[in-house]
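Start from chain A and add chain B according to the hints.
So the sequence lines, in the order shown, correspond to chains A and B.
Numbered by the working numbering, the letters in the first sequence go through residues 1 to 328 in order.
Numbered by the working numbering, the letters in the second sequence go through residues 329 to 656 in order.
Any given hint might turn out to be false.
[Claimed, not checked] Reference listing, derived: stretches of chain B covered by chain A, where coverage requires no fewer than 3 residues with Cβ under 8 Å from a Cβ of chain A:
#1 396 to 403
#2 436 to 444
#3 487 to 498
[Said to hold, decoys possible] No more than 25 Å apart at the CA atoms, straight line, and that leaves these computed lysine to aspartate or glutamate pairs for DMTMM-like:
#4 B:Lys507 with A:Asp121
#5 B:Lys507 with A:Asp215
#6 A:Lys179 with B:Asp449
#7 B:Lys371 with A:Asp197
#8 A:Lys179 with B:Asp525
Derived from the structure by calculation, the hints contain no laboratory data.
Please read all numbers here as calculations on a predicted model, not as lab measurements.
For glycine and all other residues, C-beta sits at the position ideal for the given N, C-alpha and C.
Number of protein chains: 2
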Amino acid sequence: MLTIDWTREGGWGIPVIEEFGDLAISPAATGLHYGIQCFEGMKCYFSPSDDSLRLFRPDLNMARMNSSMQRLAMPGFDGGEMIELLKKFCEVEKEWVPKGAGYSLYLRPTAIGTHPFLGVDVSDHVKLFVIASPVGPYYPTGFKPVSLFADSTNKRAWPGGVGSFKVGGNYGPTILPAKEAMEKGFNQILWMFGDDDEVTECGAMNLFFVVQEGDKKVLWTAPLSRGDILPGVTRKSIIDLCESWDGIEVRESFPKMPEIKKASQEGRLLEAFGAGTAAVVSPIERINYNGYDINIPATGELTSKVWDELNGIYYGDIEGPEGWSVRV
Amino acid sequence: MLTIDWTREGGWGIPVIEEFGDLAISPAATGLHYGIQCFEGMKCYFSPSDDSLRLFRPDLNMARMNSSMQRLAMPGFDGGEMIELLKKFCEVEKEWVPKGAGYSLYLRPTAIGTHPFLGVDVSDHVKLFVIASPVGPYYPTGFKPVSLFADSTNKRAWPGGVGSFKVGGNYGPTILPAKEAMEKGFNQILWMFGDDDEVTECGAMNLFFVVQEGDKKVLWTAPLSRGDILPGVTRKSIIDLCESWDGIEVRESFPKMPEIKKASQEGRLLEAFGAGTAAVVSPIERINYNGYDINIPATGELTSKVWDELNGIYYGDIEGPEGWSVRV
Numbered sequence: 001m002l003t004i005d006w007t008r009e010g011g012w013g014i015p016v017i018e019e020f021g022d023l024a025i026s027p028a029a030t031g032l033h034y035g036i037q038c039f040e041g042m043k044c045y046f047s048p049s050d051d052s053l054r055l056f057r058p059d060l061n062m063a064r065m066n067s068s069m070q071r072l073a074m075p076g077f078d079g080g081e082m083i084e085l086l087k088k089f090c091e092v093e094k095e096w097v098p099k100g101a102g103y104s105l106y107l108r109p110t111a112i113g114t115h116p117f118l119g120v121d122v123s124d125h126v127k128l129f130v131i132a133s134p135v136g137p138y139y140p141t142g143f144k145p146v147s148l149f150a151d152s153t154n155k156r157a158w159p160g161g162v163g164s165f166k167v168g169g170n171y172g173p174t175i176l177p178a179k180e181a182m183e184k185g186f187n188q189i190l191w192m193f194g195d196d197d198e199v200t201e202c203g204a205m206n207l208f209f210v211v212q213e214g215d216k217k218v219l220w221t222a223p224l225s226r227g228d229i230l231p232g233v234t235r236k237s238i239i240d241l242c243e244s245w246d247g248i249e250v251r252e253s254f255p256k257m258p259e260i261k262k263a264s265q266e267g268r269l270l271e272a273f274g275a276g277t278a279a280v281v282s283p284i285e286r287i288n289y290n291g292y293d294i295n296i297p298a299t300g301e302l303t304s305k306v307w308d309e310l311n312g313i314y315y316g317d318i319e320g321p322e323g324w325s326v327r328v
Numbered sequence: 329m330l331t332i333d334w335t336r337e338g339g340w341g342i343p344v345i346e347e348f349g350d351l352a353i354s355p356a357a358t359g360l361h362y363g364i365q366c367f368e369g370m371k372c373y374f375s376p377s378d379d380s381l382r383l384f385r386p387d388l389n390m391a392r393m394n395s396s397m398q399r400l401a402m403p404g405f406d407g408g409e410m411i412e413l414l415k416k417f418c419e420v421e422k423e424w425v426p427k428g429a430g431y432s433l434y435l436r437p438t439a440i441g442t443h444p445f446l447g448v449d450v451s452d453h454v455k456l457f458v459i460a461s462p463v464g465p466y467y468p469t470g471f472k473p474v475s476l477f478a479d480s481t482n483k484r485a486w487p488g489g490v491g492s493f494k495v496g497g498n499y500g501p502t503i504l505p506a507k508e509a510m511e512k513g514f515n516q517i518l519w520m521f522g523d524d525d526e527v528t529e530c531g532a533m534n535l536f537f538v539v540q541e542g543d544k545k546v547l548w549t550a551p552l553s554r555g556d557i558l559p560g561v562t563r564k565s566i567i568d569l570c571e572s573w574d575g576i577e578v579r580e581s582f583p584k585m586p587e588i589k590k591a592s593q594e595g596r597l598l599e600a601f602g603a604g605t606a607a608v609v610s611p612i613e614r615i616n617y618n619g620y621d622i623n624i625p626a627t628g629e630l631t632s633k634v635w636d637e638l639n640g641i642y643y644g645d646i647e648g649p650e651g652w653s654v655r656v
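This is chain A alone, in the form it adopts within the complex (with noise of 0.2 Å):
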């Protein structure tokens, strides 16, 4: 693992490159008591087409990490050096790279308040620690595609809070309502906001659908905007990658349920899937919206070519747009 300590007085201290073991954490440490942390999800492909390995857009989960920890009275990091150090990192551990079609090494950078200080307060000790593990395939064999329980109870984030960030708070409330949705014989929840039910996210992934607009193809998802949606970087090369195509026009602007489920009705509705790094993409093939099953084709046209584009670029196969695929 890679660990860097931050102090108020001595600033960032040599980054280090150890064995993986146990942290000593002070138990008054404001990372334990008031949730003075947060985290990315990266993950080091293998290139076969040059043996190369890759990282996928690391400046913006660096410009996000800087965001979130900045939200909590943390420091920001040079993320152009972070980048290199990452790069040295896996060079370090290549050998847990593993090589295949859908393998990779998921990274995770992490900061969290290390003061042992129990005023609830800046925090004057920092670390900043990276910790990986090999992962296969997402789906094995083929696409499995999820269930959604639409959660009218629960809400996973709201304006003027910190659902933009990723910090450690915004996951831990979400465990119990997935829990008692999985029971419900769902996979995961949807989060919705406000009266009209918008649709926000599902699980811990951004959600996409597709409509159909009398002769266009919407792709259309919950905008950044007022802040309560976590600006992924799945979510973000979708994005990109449909606004560089023909044919399909992108919508950012919060879907509201009752819309959704016309849309369906109406067979309009071509696709959803959820976004993130872990899946990449995850098809839906049902939401359960206040009793009524809105069954969705299960994978569409979109969803296997933001796939096949996606994994094309994260593994070398596919030249993406500049800067995408990074070279360690």
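Only chain B this time, still in chain A's reference frame:
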């Protein structure tokens, strides 16, 4: 410190009281990534009346900690047994309980997910620990009234969120807004919610107003019913006391800032104070609302009466309601 580990297979392990020291925590522990962490604040008081150590309504802290843990899909525990452990802990550490008015041993029961698993899922390993620190009088030279900045941008909590649980993720996001308010010359933030600027809490305290309505004095605070207000032990105790007193009516509903401003302009805003374990009561002398300063008589009659009564019960000088002051 007191530590108890829990595993899904083995349940709660043997409690250990040991020297204060760093915890060995896996860098993959859920408590460091997903905000699987909650805490309580309590105090152990030395009572000169009978040379006893006392806790104040520990059953309420244990009930709230159970509810926080379960909200984060952590296991529950037996509150009564935990109080016995806390008593044992205070007895062992009795030399750390300072004597004198306003002095106490602050106790911090905390629970964190220690399961080293990066999926956002139920934690199979949990650590509950209690650390302690002697604390002195919050107001060594008499009450020090605070000024509040009514924040119209940041929201501490929301319906469908976890504002009624004492989970870590509620605290980290308040630090940056509080720092900004301090830079503007205020001590703390007054948290509002909704289009009509309902008053919810201030800083990390519950918030009370005392207003004159005709010949009635009303103690006014936000209700717990919507699930976005922390069920404070001090809050409940103040309500319980005032309900037993003549001449004051307790109202649990959301005060709206325009109503508070109007009451102030009409000379009917008599008192305002925050309430919590650390400060007990914290008189408020000024609230800045949309640039307008609401000035409040610095420390009112009821604030002082509540202060005297609660401190009397904490230290055993006043015999409070049954079960409030618990001898170690």
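Results for each hint:
Figure legend: the segment 396 to 403 of chain B, annotated as covered by chain A; annotation consistent (4 residues with Cβ-Cβ distances under 8 Å, at least 3 required). With a cut-off of 8 Å between beta carbons, the segment 436 to 444 of chain B has 4 residues touching chain A; three or more are needed, and the interface restraint holds. Residues of the segment 487 to 498 of chain B with a Cβ under 8 Å from some Cβ of chain A number 8, which satisfies the need for three, so the listed coverage holds. In summary, the hint linking Lys507 (chain B) to Asp121 (chain A) is supported, as the alpha carbons are separated by about 8 Å, within the 25 Å threshold.
Taken as a hint, the Lys507 (chain B) and Asp215 (chain A) pair is broken in the structure, with Cα atoms around 52 Å apart against an allowance of 25 Å. With a C-alpha separation of about 8 Å, the suggested pairing of Lys179 (chain A) with Asp449 (chain B) holds against the 25 Å cut-off. For the proposed pair Lys371 (chain B) and Asp197 (chain A), the alpha carbon gap of about 44 Å is over 25 Å, so the pair is violated. Only pairs whose Cα atoms come within 25 Å are accepted, and Lys179 (chain A) paired with Asp525 (chain B) is rejected, the gap being roughly 34 Å.
When each numbered hint is compared with the structure, violations occur for hints 5, 7, 8.
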